[in-house]
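Quick note, the sequences are listed as chains V and G, same order. My numbering numbers the first residue of the first sequence as 1 and each following residue consecutively. My numbering numbers the first residue of the second sequence as 1001 and each following residue consecutively.
Incorrect hints may appear among the rest.
Here are the simulated lysine-lysine pairs, DSS-like style, with alpha carbons at most 30 Å apart [what the hints assert, rightly or not]: (1) V:K223 / G:K1114; (2) G:K1148 / V:K350; (3) V:K226 / G:K1005; (4) V:K223 / V:K601; (5) V:K762 / V:K619.
Keep in mind that the hints were calculated from the coordinates and are not lab data.
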Amino acid sequence: MIPGEKITLEKTLEKSAVRKFTIENASRRGFLQGMFSAGAFVLCARLIPEPLWAEGRSAEGKAISAIDAAAFHPSLWVGIQPDGTVYIVAHRSEMGNGVRTSLPRILADELDADWARVQVVQGDGNEAYGSQDTDGSHSVREFFDVLREAGATARLMLVRAAAQQWGVPESQCVADPVHVVSDLNSSRKLGYGELASLAAKLPMPRQEELKLKSPDAWRYIGKPAKGLDAPDVCSGKAIFGMDVRLDGMLYAAVARPPVLGGKVKALDDKAALQVMGVKKTIAIDPFTAPHAAQALGGVAVIADNTWSAFKGRNKLQIAWENGSHGVYNSTTYKKELQETARRPGKVVYKAGDVDAEFTKGGKIVEAEYYAPHLAHASMEPPVAVADAQSDRVTVWSPTQDPQGVQENVAKALGIKKENVVCHVTFLGGGFGRKSLPDYAVEAAVLSKKTGRPVKVIWSREDDIKFDYFHSVAAMYMKASLDAAGMPKAWLQRSVFPPIGSTFDVKAVYGSDGEMSLGWTPFPFDVPNVRAENGKATAHVRIGWLRSVANIYHAFAVQSFANELAYAANRDPLDYLLALMGPPRILGSEAKDSGAKSAPDKYPYDIARLRQVAEVAAEKSQWGKRKFGKGSGMGIAVHRSFLTYVATVVEVEVDNQGAITIPHVHTVVDAGIVANPEMVRQQFEGAAVFGTSIARTGEITATNGAIDQSNFSDYPVARMNEAPFQTDIHIVESAAPPAGVGEPGVPPFIPALCNAIFVATGKRVRELPLSRNGFS
Amino acid sequence: MVHLKINGVERTFEGDPEMPLLWYLRDILGLTGTKFGCGMALCGACTVLMNGKAVRSCSKQMSTLAAAEITTIEEISAHGPHAVQAAWVDVNVPQCGYCQPGQIMQAVSLLKTKPAVTDDDIDTVMSGNICRCGTYQRIRAAIKQAAKEMA
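Produce the entire structure from the sequences given, and follow the hints as far as they go.
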């Protein structure tokens, strides 16, 4: 294991020993119930900035949620009020992934609750929930069983309460049809609200007493549901991090060192202080390596509105001391990565003997691929509000990891983690950027120094220049083909500055987790295989971006497979199926970071990979239309986050190289799907996200500083550039739920590049397409 | 001093004349439905109506807005959902939703000038509004649905 591994890709898994949280102790119920009836609980659900959290205060002034305060709350996941309102927590972050709709519906299903009477409460940072780090496409698959059991627990207690009230056997009572318990021997019914107080007095059922519904009885799981928050979002009422306002709040913009690890050498803030609305400037200390989620340091301009803070910051005169990363130049770094990829690296997966096979005289095919750094550019730039009072801090933030906010703010201020409250707002996109809360740390540090609530707003330029960038990567591929054109040996080598470098300055190799993202689970039926990884030193902050290392790994593997098909003079789809070989379960070497917590539950099943490719061929009418001379269709398949995906992209390229994408077909086997509507949204969106990466996604550095700054020089796909129509086909499956937020991205990019090859004869081995004469 | 009308209410602005309308709306008036995305009129998240037409509030300095009539997403929503908003919810457009107030304001403006809107009209006008979640095909469907309902 590489140092830094534990706290990078696998961190979510380690934190998510979720089962023990299923049934919370009931000892607090008496206290809270008593408090509730005494009227001490006051819902302040519509007061800005707490519209989401429905937070109340106990008699001692301790914050409690609507769930804690409900008359009946058998666990921290659900509470029921005497009026029949059911509160269900969304403990994961809503950033367009649909979790505030999909997760509570899983619980509501087992509870047989009426969705119209459910209110969703956003969970604060709280380790009692298990992992809240909304990354790695984990939300449904890690909490599916937990939420079902929480719902089933509450349902059983309500049924028992009804049986007790009527004095009849429990077997005579059923939760039917919805939100009521019915007596099978009469027409008597009792609503959940009527049963809440009695249910609260019952002992918790044992886990083995729970009866989960059979899938054919599911009322919400697997059924499409629209976004719970869409009306608030569409009327501007939803509170994103950017929208949080507190009384007496100050606004801050920070001038950060342009080169990672840089420091202020000299500061002249006279002009800045003369700007109307500017109050003062405050130095933020540089970080101590490794940077992790610490503030980058620099100078903050504090003002009474955002504009004044931005304007004041522009007037700062700062001389920076750049430090060692000033050597970073993307042009030379690219050559270094490519050189490294041509030399033997660390072996991360091996079968048979590749070297011996390469000497046997088969047809050798080699190719090199390159993919640059990317920035997240979520529509809402990083932002946070913090209110530090003595040894306590309250943070409001669009964060993917509220417990990470608690940890990092506590560390920065030298206070206890439990003294940091983190309210999670809506996130205006996350894509992995908002897993690391350096911006919340900045707000907390500045609030502490000013003694006032402070909102730190990142401009778009800040967001692009000071991102945790997706890694740049170089890949080298080599195969030896037999007379039929099938590979007898396959060598693949990838080189990229690892995410581990963010947590460990010495990390130069990809972690097991990064290698498992599309590299070491080798899905092709080839007797001699070796996968390697070469060293690379990071000079900028490296982080997670939607589907992470799968992006460059799938680009190389699925492009190379396509190249081999042409070398073998075969149809790319037929060839891809031949490469996959017969249906079978891959061995344990095909582990995947997402399956480590339950490797037996999620075997790598080639039959499922074949199936998505076959369905994609059928839906896209593969092979039935004529392409070439400016039009093309390309296919790629990829399994990531335990989900099997095939994408067929249709492209048109005019004689100026301008690309349009009329149609995309994406086939998804994600096992049991909690909410197919959200799955469709995620995969439609992934095609657009993939388009942005493929067409123009490129971040570069000169002398350590990032060259790009805004959507002018870091363009992302607009409506007229995005696929015109993306059709999502969900394969029905009884397999355990898998990820859906990320897996649509990796296969899209090679499928598009493979289509471009058909249309133009030009093979894209380097991203983005704008570097290849396309626009 | 600048006199203007925001959502039908007379307002007087006495701050920095260079302040963009966006920050006046968000920080001074507390109308946070209008979003900040880029600050350079590149993404459309800050779109509002000025005298009935879509503009980027991040790039409209207060000094240029004397007598302007500004309409924000809050006003559009004030009397129940607008047909465009209803279509947005029905088609389930939003993912993260941050860009959607701007998209909706742009669509409202578009449908005023082109009630019988075509795909080309939509592409031309809506391509100024970025959605990073990639909801474009649903935005297109929602605009067409709203156009039908408003006809």
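Hint check results:
With a C-alpha separation of about 37 Å, the suggested pairing of V:K223 with G:K1114 is violated against the 30 Å cut-off. Distance restraint check for G:K1148 and V:K350: the Cα-Cα separation of roughly 60 Å exceeds the 30 Å cut-off, and the hinted pair is therefore not satisfied. For a cut-off of 30 Å, the pair hint linking V:K226 to G:K1005 is broken: about 36 Å separates their Cα positions. This hinted pair checks out: V:K223 and V:K601 have alpha carbons roughly 23 Å apart, not beyond 30 Å.
The suggested pairing of V:K762 with V:K619 holds, with an alpha-carbon distance near 26 Å, which does not exceed 30 Å.
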